[in-house]
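Please build the complete structure, drawing on both the sequences and the hints.
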Amino acid sequence: MSVLIDNSTRVVVQGITGNQGRYDTRLALDYGVNIVAGVTPGRGGEEVEGVPVFDTVAAAVANTDANAAVLYVPVNGICDAVTEAAEAGIGVILATTENVPRHDAVRAVAAARAAGAWLVGFNTNGVISPGKCKIGGIGGDNPDALYPAGRIGVVSRSGGMSAEISMALKASGHGVSTAISMGGDRTTGRSMCEYLDLFDADQDTDAMVIYGEPGTGNEAEVAAALRSKRLRKPVVAIVAGRFQENHPRGVSFGHVAAMIGDEADSASAKIRLLKESGAEIANSLDEIGLALDRQLG
Amino acid sequence: MKLTEDIAKSLMRRLKLPVPEGAPAETATRVGELASEFGGTVALKALLPTGRRGKSGLVRLVDAANAEAVATEMLGQETELGLVKRVYVERGAKIAQEFYLAFSFSDRVPILAISTAGGVEIEQVHATTPERIVTTPIDPLKGLRPWEAIDLWSRAGLKGRALADVGRLTARLWRAFVELDAEMMEINPLAVDADGRLSMVGTMIEIDDGALGRHPELPDAPSQQPDNPRERMVNDVNRANPGGDARYVELDGDIGLLVAGGGAGLLQHDMIIDLGGRPANHSDISPAPGTVKTEAVLDAVFSNPNTRSLLIGYNHLQMAPVDRVVEALANSVRSNKVDTSRFPIILRLFGPREAEARALAAQIGGITYLPSGASLLDGARAIVDATRKVVAEEGEGATA
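Order-wise, the sequence lines are chains G and S. Heads up: the first sequence runs through residues 335 to 631, numbered per our numbering. Heads up: the second sequence runs through residues -14 to 385, numbered per our numbering.
FYI, nobody ran anything at the bench for these hints, they're computed from the structure. Every residue, glycine too, gets a C-beta built ideally from N, C-alpha and C. Hints are supplied without guarantee of correctness; some may be wrong.
If you anchor each label on the Cβ, the simulated ranges turn out as follows [to be verified]:
no., chain 1, residue 1, chain 2, residue 2, range
1, S, V94, G, N341, 33 to 39 Å
2, S, E106, G, R566, 40 to 46 Å
3, S, P214, G, R447, 41 to 47 Å
Printed below as a string of structure tokens:
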């Protein structure tokens, strides 16, 4: 097993006729991903890399039973594209677009949730269940080298760091059940802890590695879930950005949400909180393997 | 982008929201003119893109006759929030009751915070009587409707005629919050006078930087531009080339950083500090193809007089070709006439088209390209060592 995607995943690529969509589709097909459809309005009837293109996601789903969507859509169309996919019944929606305006982002998140869809991103390079499926550009032209199969779940707030963590896992004799770049934007479809819930319930995952940063309540929620035993499997955490604490940047202006929501916003506070809650802290990537060995005996 | 109060209020006025009469002025004489036009008590507010001015004496209620004299004191004053160059002059409000209202965001939903304890700093209310602040998430698909806002204010303890008016105004402000693509909007105080008229006396708005492109009606904000010429240059390049902004922030060390992909950049910066190094800047850049912004950051690094070395440390790239980064480096080394024998440059740059990138780096000469598989920590260690060495050699050269 794996989480979110596996051998039964049927992928539709929204924005397949653009450069990035076309490039990543080629690499995904090479990896063996079952890409069944593409969508670009006005280009229905064409083919890209042998994949049929439809005008709407609903048409793609009706003709191909697609159940996951990868979106290469410019920032001004992303909210609509997510909503379209969610309402067409797509279960997993991956939005690669970065720096999505907050109002668009929260509307897309709400639309996905209302339809019962799982939105990954914004600002993600993908999800990979090694040997089974990947959505997004994750793994680049050589996913096998970067993401060896194994029993560790990875959730990262940085796409690049999911690869670095995975390589560190490989170097220490571990591998990945599923690696998830959950999105680098402040607003993401799901919280880090929601991904860990999936891994916690996955019988082919033994432990999880998370990569965190300053900002957002993601790490604090994970810490709370560890304390309450909502999460039962070991969590190894690497949190970057301590240096920012030495450089206060101007006077804060938006403060209500910060005051009420984010008491643990800095990297140091997150490290402290996660440690107190029972997570293992890795100070460098090399320490991840050692921490896992300790946890898994 | 934090708006100054004059701009925030002119936007609100355009939306027909109840804002007191007022105007900005750059000279004490003009302040005096405006004040005598309004008459009675006027508010003088230093125009700085921030709140928290009350305590610093940057908001003064004065008699119109004294306005010019007080403005003379305020203008040109150097404060911890910046130099006061302009003052906002506003007709004094006759306040019977003061409320607080703010829209902002948690990670995934918009949040409304309201309180009938307005007029003071909300942190103070939160610290002493948190029960007087009512916060609620707002469903962005439905928005905030007048009857919902009325219900929330009723729960916050508001009664009578003001309840209906304040509730309806709150729903209109929600629409303004959305239309302006605001990241945050705070009205404090939202005042009611003895006749029950509402007035948004304090208005702070921060616009979402990610949405500025679709708001041509917003002015360029020169006060937002950094003083540092290199930071400003990178900003200008971003403006000229929309999408995937490069960030460059100068610090006081000597190690130049071109780090990408957010995460690896943060981690390497932490590691360099842990190893005793001192970054001259932080940067963040989307690794997507296109060299203009990469070159802008490199130009900034090379033209910063304090920088002695450069680490180009990217995540193992998965989607973008790495030779484009080295192309940008070659251009910037050439145009800035960098002597690579005295200015160490270390590359940790792996991914698609790495062979081409290595060949190109060899052509530049004097570049240390770390072997495939080198860790982020290896890169951090290499740049700290190389910088230490070059700084020590320079020291010897100076004393010899």
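Okay, the hints, checked on the actual structure:
1. S:V94 with G:N341: 33 to 39 Å: Given a distance of about 35 Å, which is inside 33 to 39 Å, the answer is holds.
2. S:E106 with G:R566: 40 to 46 Å: Since the Cβ atoms of E106 of chain S and R566 of chain G sit about 43 Å apart, the hinted range of 40 to 46 Å holds.
3. S:P214 with G:R447: 41 to 47 Å: Because 46 Å falls inside the window, the suggested range holds.
The earlier numbered hints are all upheld by this structure, with none contradicted.
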